[in-house]
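Protein chains in written order, with the working numbering: chain A, 813 to 1398; chain B, 2 to 283.
Derived from the structure by calculation, the hints contain no laboratory data.
Model, not experiment: these values are computed from the prediction.
Check before you lean on any hint, since a few could be wrong.
Computed footprint of chain B on chain A; a stretch qualifies when at least three of its residues, placed anywhere within it, have a C-beta under 8 Å from a C-beta of chain B [stated by the list, open to error]:
no., region
1, 875-889
2, 932-943
3, 1190-1200
4, 1210-1218
5, 1226-1238
C-beta atoms are modelled at their ideal positions from N, C-alpha and C, and glycine is treated no differently.
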Amino acid sequence: MATDRSNPQLPLMPLVTLDNVSYIYPRTERPALYDVTLDIGKGEFLGLIGPTGAGKTTLCLSLSGIVPQFYGGRFFGHMTVAGLDTLEHPVSRLARHVGAVFEDPETQLTATSVENEIAFALENLNVPREEMLIRIPRVLEAVRLEGTAKKHPRELSGGQKQRLAIAAALAVQPDLLVLDEPTSQLDPLGAQEVFATVHELNKTLGVTVVMAGHAAEELAEHADRVALLVDGALVAVGSPDELYADVERLERCHIRPPQVAQTFVEIRQAGVPVPMIPVRLREGIAALRAAAHVHPVQVPSISPLTTEKRGVPLLAVRNLTHVYGDGTMALHDVSLDIHAGEYVLIIGQNGAGKSTLVKHFLRLLLPTSGQVLVDGVDTRDLTTSALARRIGYVAQNPDHQIFNATVEAEVAFALKNLKYDAVEIATRVAESLTALGLGEQRGAHPLALPKGDRARVVIAAILALRPDVVIFDEPTTGQDYRGARAILDISQQLHAAGKTIIVITHHLYLMPAYAERVVVMGQGALLLDAPIRTAYHAVDVLASTSITPPQAVLLARALAEERQADFPLLTPEEVAACFTVNGFND
Amino acid sequence: MSALTLPTVERDSFFTRLDFRSKLALMAAITGVALVWESPVLGGALALVVMLACLAVGVKCSYLRTVLTLLLPFAVFMMVMQGFGGADLVRARLHRETLTPLFTFPASWAIIGGGMMTWEGVLYALNVVCKTLTMILVLPLGIFTTDVNAMVIGMVKIRIPYRIAFIFSATLRFFPMLFEEIQTIIEAQRLRGFAFEALGPLKRLRVYAKIAVPLILGALVKSQTLDIVLQTRAFTGSSQRTYLHETRLRAADYAVIAGSGLFVIVAAIAYYGWGIGCFGKW
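Taking the hints into account, I'd like the entire structure generated from these sequences.
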């Protein structure tokens, strides 16, 4: 039970009650929610965590009555929001009490100006115009979007768009704000903006917040309580300290714990007594310093990674500048060589030029000035279809790359177009499907598969062409921890098989196990090109493109400051290894 | 860029400041007169004026070029059909039996041998093409210069139910999204080695036909998401709602509405009284 912040002994008045709630979607057998009993107190910030398919979205939709009123299906139990039964009151009535913000900032904005976006719900609720004119600037100020009222939503950044969606929900003056993975499509800066806004609304205006997501570090920082859902069932509810400190349970449920918690569990396993597992960075740094005072610490032996490559680069960029039709300079004088067999990570805030750069490799874009060479040949002299045989491109959203009726047809598509004979096609399709573990799904419609599997279908289709280079453009966006790791594991297998791999992602904590070299981009320029250990510790360069290194790196830097020595560590295991007798061997 | 965007002009002009109701009146007047006129000269002049107006308010040249390119096959088809085969219709419109031959295919040619292209047939085809062009171009003139929200309010003001006005505006926003989806799918195919650029027009059409399934599936997913978003924003489609923006007809609007009415009346009197605009009085 949540407690009153001013007096932790007092339980909060429940705003939301769920009594033995179960729900089954139409034409399915498995319950999406199973026997969930939960109270959410007024003014509480509840984090909702769980792997993909755990029921987080279903629970969020049920709070606004969309489930089951929109979807149908079978609903059991009893749920109230602000005293209203969610089965008995229409969604439009519940909308007065529940504001909803969804994952994709693009699809939830429908108006042609910021003020119209905010006004839409108010207009539907018959709020007088004079009242709207008072509320709109007020909510814009609350989400720090003052001065944007007349702008078109498309002029806003991803983070600003999500804050606009929050403002639109907030204008109704709801009792409850429900956010379903609101930061999963955003870059770190956008995510930070959204969390800061929601935190402020919760703490200063007392808005009750339910936020589903995978952002462990941020939820540990901001949530009052965290609820863990697995297979539709509520497995645990408790404070972030209770939930996130139980790293073993989280890992069992395929949920990524905050790196700081993971680090201290490792340190404890190394034999160092840790009284309490910290789940927030500042507590982690304090605990690390305390531990370093009483226990010997040594820099683990780490074999340095060399990224020095010789010979003709496979991909070469020479003074590349790209200016879009609207005058936006997306790339400015970028030069870069990528050699065969490298695993390169490209990072930078949204708009840094990452996707613009890789699209040049495929001739989806042509240089405004400068040159892009693939194996020494200028891309101007090649076609996209010719380049696609050598360079595979996995887009962020696999659904955009699926256009056949079966998995098998999808994988065979390119081969048929390139007029391979039937035997060769059959061989390559079988080879690709086996490599990606899709043999059993070959007859299924690709869009009927889960998102992670759909990404594998796209990769299988690309591999059938046997490309030399595979580019993964934000493959981890919108994926849970297990899904993200599964895709990156495939990239690792391809790398081991000799392919050149390029990955663009904002999820830096995932990459030490995979990448060797990091290219940091900011505002269309190449800011840094270095081995991963150097790049992840170049905090000033990263900050200039609004990127914060993973918590393990920040802990390592705190240790370095404490001991006045260099600790070029990247992962919780490496930080924990500083406390072991023999150190860590990379 | 958001998927749900409608092409709009960037230039602020007299036309962008007009109320949507006055634009509707103007669009209706131009469309009505274009439908009635059969004179290729007057029809052509009207199409030209509308096209110049489009340019003046800021409709992009590239858009006009696309419209003209798409209309070209239709124009050629009409010329052939009316030039060679529309003699009976043209004679009936002109109330005379003799038409002016432009050229005749040698009688010895198979199928088309003896076929005669007439001057009047070509002019009739031109009249149809100009009508079509006027009616197509009047749409960007009215719609690209108006904010979707203002369109909805304007339609509600003329007593069109809000639900229908909203569906109209949602449809307008949906077209660019569909176009964007098509481009995404074609790009995905090119990224699988599919040489779209090397295909002829017919093969391209076949490719477009094939992408209908993923396109429709994608559109359904997006429309369902949009539906959920609208419901959480208390949307019911009811006309019992308030509006942030008020719309009021100003002097310029009244002038445009009156001018549109006057144009229709004068065109009708001229047409029925003196035959101005009739086919054959060019």
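Query raised in the report: Which hints from the list above does the structure break, by number from lowest to highest?
Result: Those not satisfied: there are none.
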